[in-house]
Amino acid sequence: MNLSQATHAPAAPTFGAELRAGAVYAFTGALALLLQTTVLHTLTAGRVIPDLALVLCVYLGLHEHSVAGATGAFLLGYLLDSFSGSLVGLNAFAMTSVYTLVYLISRRLWMDNALSSIAMVFLGTLVKGFAILLALAAYLSLDDRLSLAAVQVLLAEALLAAALTPIVFGVIRWEQRVVGAD
Amino acid sequence: MLEFIRRNRVLLSSSFFLLCSLVLLSVNARHPGRIDPLGRAFLEVMAPVQRATSFAGGRVADVWRGYVSLIGVERENSRLRNRLHELERRATEQRELELMNRRLKRLLALQLRLPAQAVSAEVTGRDATAWFQSLTLNKGERDGIQGGMPVLAPEGVVGLISKTSPHASRVLLLTDPNSGVDVLVQRTRVRGIVSGLLEKGAILKYVKRADDVQVGDRIVTSGLDGIFPKGVSVGRVTRVSRKDRGLFLYAEVTPTADASRLEEVLVTAASGAELLDTHPARTLELVAPPPAPVDFVGPPDPATLGILGPPEPAAIGGARPGATLGNAARPAATLGRKHAPPAVAPPDVALPDVEGEPER
Numbered sequence: 006m007n008l009s010q011a012t013h014a015p016a017a018p019t020f021g022a023e024l025r026a027g028a029v030y031a032f033t034g035a036l037a038l039l040l041q042t043t044v045l046h047t048l049t050a051g052r053v054i055p056d057l058a059l060v061l062c063v064y065l066g067l068h069e070h071s072v073a074g075a076t077g078a079f080l081l082g083y084l085l086d087s088f089s090g091s092l093v094g095l096n097a098f099a100m101t102s103v104y105t106l107v108y109l110i111s112r113r114l115w116m117d118n119a120l121s122s123i124a125m126v127f128l129g130t131l132v133k134g135f136a137i138l139l140a141l142a143a144y145l146s147l148d149d150r151l152s153l154a155a156v157q158v159l160l161a162e163a164l165l166a167a168a169l170t171p172i173v174f175g176v177i178r179w180e181q182r183v184v185g186a187d
Numbered sequence: 395m396l397e398f399i400r401r402n403r404v405l406l407s408s409s410f411f412l413l414c415s416l417v418l419l420s421v422n423a424r425h426p427g428r429i430d431p432l433g434r435a436f437l438e439v440m441a442p443v444q445r446a447t448s449f450a451g452g453r454v455a456d457v458w459r460g461y462v463s464l465i466g467v468e469r470e471n472s473r474l475r476n477r478l479h480e481l482e483r484r485a486t487e488q489r490e491l492e493l494m495n496r497r498l499k500r501l502l503a504l505q506l507r508l509p510a511q512a513v514s515a516e517v518t519g520r521d522a523t524a525w526f527q528s529l530t531l532n533k534g535e536r537d538g539i540q541g542g543m544p545v546l547a548p549e550g551v552v553g554l555i556s557k558t559s560p561h562a563s564r565v566l567l568l569t570d571p572n573s574g575v576d577v578l579v580q581r582t583r584v585r586g587i588v589s590g591l592l593e594k595g596a597i598l599k600y601v602k603r604a605d606d607v608q609v610g611d612r613i614v615t616s617g618l619d620g621i622f623p624k625g626v627s628v629g630r631v632t633r634v635s636r637k638d639r640g641l642f643l644y645a646e647v648t649p650t651a652d653a654s655r656l657e658e659v660l661v662t663a664a665s666g667a668e669l670l671d672t673h674p675a676r677t678l679e680l681v682a683p684p685p686a687p688v689d690f691v692g693p694p695d696p697a698t699l700g701i702l703g704p705p706e707p708a709a710i711g712g713a714r715p716g717a718t719l720g721n722a723a724r725p726a727a728t729l730g731r732k733h734a735p736p737a738v739a740p741p742d743v744a745l746p747d748v749e750g751e752p753e754r
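Read top to bottom, the protein sequences are chains A and B. Everything in the first sequence is counted per our numbering, starting at 6 for the first residue and increasing by one. Everything in the second sequence is counted per our numbering, starting at 395 for the first residue and increasing by one.
Next comes chain B alone, as it looks inside the complex (with noise of 0.2 Å):
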């Protein structure tokens, strides 16, 4: 006996740890995070050198396009070109400043219309893989964030912080194929599921073949799902397909905030409640108009915008700290393994009768 276990001992112990994950597959599936002893040390230990990797890895690329594409120049030439170089890093460092004070300014109106208080942070890593989207965030519970939390750009919906450490977070994206948003069309208030797909882009989900969805449609949280607040902008219908069979159309989403270019995103508190400060002309637009250049005189300063300090712990109270992305973004009825259509229908527009549309 001892013998045999001595022999095959590679593989039992691949085959113990095969099992291993099949438990912890099994756990998490139906209970998200329930069991992962080792995930929020690695997620701890290894967020400050992967903020330091990017930050490196940041500079490496800006030496790459300010330096080395100007090898080859002549030598005679080289004070106009030192002069130039100084100018282009002037010219680079006040475009960034530019930019990342129109970027924290829609974050701050983003945040002054938002129910509930927020914490911006900064994208400080991305998903491992190509299979799954996600995002690394440096800040974490010492700063108020908790699971469940929904995380938003001024452009819209980026998803919902699906696990986190004290001084780091995943936020895993509405463009994962795990994830699920209650969402209405915004010109005729159909009711629906926008999920990801695994080669990436969302779909809209659980919409009847005859409901009026067109291409160019804006789809918005509905705010039933509890988490993000009403009226957020999710993406726009790019493609829709009647041609299958079943019961559902079929429409891909293209989501308003590209995540491939986030920075910066407010993390709050989860919240079904509606955006405030909603004027008729912009109830549904969160992307503020941009600032007059003229107004331009450098970076903001955090201190005054206010959305760079932890939020007031009782404000964000208010969240869900078990709710997870995938389960706690479905209607109520569907915290299941799988997706299904929304139980309610919204009271104010009548489903139309799904055998007397025509085919289009």
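Isolated chain A, as found in the complex (with noise of 0.2 Å):
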């Protein structure tokens, strides 16, 4: 092995790592639809709900680039199916989308900061959302149902959840600090 290749190649994580990294994305997700079924509602009065499970979903799209990214991304939205709305698989589907496309922006272009992590988030929600809409014209023909008032709710939507991203990648991060999974 040469110096280069002992500096710069990530060490592998070892199987207890990741099994601690699966655990603290399992609870996340499991916390933010909780929030996001219960009390976020009673705070926005049902308006706009911040989609936590998507700000998790674009954390593992800028760090789990791995199966298991992808695989977590997936249940996220499966889960997600299971409280909100009746189509199964209209979630999974946004949010494979949404994990795919931030993997692939973030194989260019160096997104280690705050700000390009709100950008993204803020994104994501955009593109979940299109996913959705195009699901849902495709599958239950609703495009006579898009109007101005569904597309200022994406906006806002996007927008509040841009704006927890700090909040939600500090909480991640500080969960991967106790369980060591960092």
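The set of hints was computed from the structure by calculation and includes no laboratory data. Beta carbons are placed, not taken as given, at the ideal position from N, Cα and C, and that holds for glycine. There may be inaccurate statements among the hints.
Away from chain A, derived, C-beta distances all over 10 Å, residues of chain B [what the hints assert, rightly or not]: (1) 472; (2) 475; (3) 495; (4) 520; (5) 557; (6) 566; (7) 570; (8) 592; (9) 593.
A few chain B residues facing chain A, derived, Cβ under 7 Å [what the hints assert, rightly or not]: (10) 432; (11) 476; (12) 479; (13) 572.
Two chains, two frames, some hints: make the complex.
In structure tokens form, the structure reads like this:
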């Protein structure tokens, strides 16, 4: 092994660390869903609900470049499907799309700062909304229901999720430090 | 080849999961609930935690209202403040009990008029996103609840059970974009479909431009979908527009049951039968008059009311386990992907000539 390899090659995470990281994501996903279905409804009167699960999905896209990351995004969407709407697979499709897009962007651009994370969450929310509308139009012919109000809700959701990004990312990093998965 | 797979494993796995999602979507769009291997488990595991979180959130809100708002009062008034505090707490408790009593009495009044037995359930959670409209209930298959059962409140139609687990279930609300309920305009007996909108609220669809629908008209269930009892209040028409091109008019409907305020609901066996005990003055009015304040002595005993226990299995057996909102609520001829107008006009109402009706 030469000096360059020894200096730059990232150390492969141990199985234990991967397991702990998985537990952190599962816990955060469940917590995000609980908040979205209960407390946040009370705080926002149900008008616009910040999509904390999507913020977690973007975090996966930025930091988990592995099969486990893609699986996590899919399962997160599936979990959301269990508590949203009636069409199973809709959020799973949207979340996996967001993960893939964020992954592709983060492979090409330097994304390790707060501002770019916020921008990615904003973009991710728009992509998720677009993916949902696309799927609804394709499978349920809801294209005649699109309106300015729906676009306003989408923008408000994106702004709210972007504003909460530093907090959610901070919580995930704190959890990872606590369980030793960072 | 192996090197290619190793280098692109994330993209390949993402594509695989996108494909899985599309397969799930395709199958579930045609046959809702057919492929949902993890949904039941997620619902069952999360529902109790969700209920506990709702409870804790409610308590925190109470504490916020009851205590935090009083911070800043001078110390020498602490005794009076504590006294006031105690009285406020008691008054809030009493008010809560009174309101619960009223709600349960209204639920009981509704239950007595239903053609089949019903199960009362508490709302423990709301939809996880702003795009759809659904509720989580604290009762499930163990209490006799099955997919496709109508959910009612004293004010009117709430929605349909879309998913169940042994101890929890989910309701797809009337205002969800995937919903559809066969209805009549009470005044003119014009038939249509009430469906939700993405931006919240509901619209009355497939009503001819020439049909007589006016702002303020009450919308009730037709019973023709074989799911909701006939004559249950759905909402009121709040806007009518005939300016757009096309065969049908555009009418916005405000549901009578405000789902954002619901705390308890009734889940009943699917039925197209009419409500019982239909007094002429209250034929389509589900809202019972509020009880006189002097009658109030405390919360009603659930056992006395008889609405909190599970229904007889035989009574619930009439439900359609496979029926789901969106498809089942549509007329029999419209079970495909798109909503379609009702196939049959009500026999007692002659449809006016479309071309002869003046533009409003």
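Checklist line | Numbers of the earlier hints that this structure fails to satisfy, in rising order | finding: Hints 4, 5, 6, 7, 8, 9, 11, 12 are the ones this structure does not satisfy, whereas the remaining hints hold.
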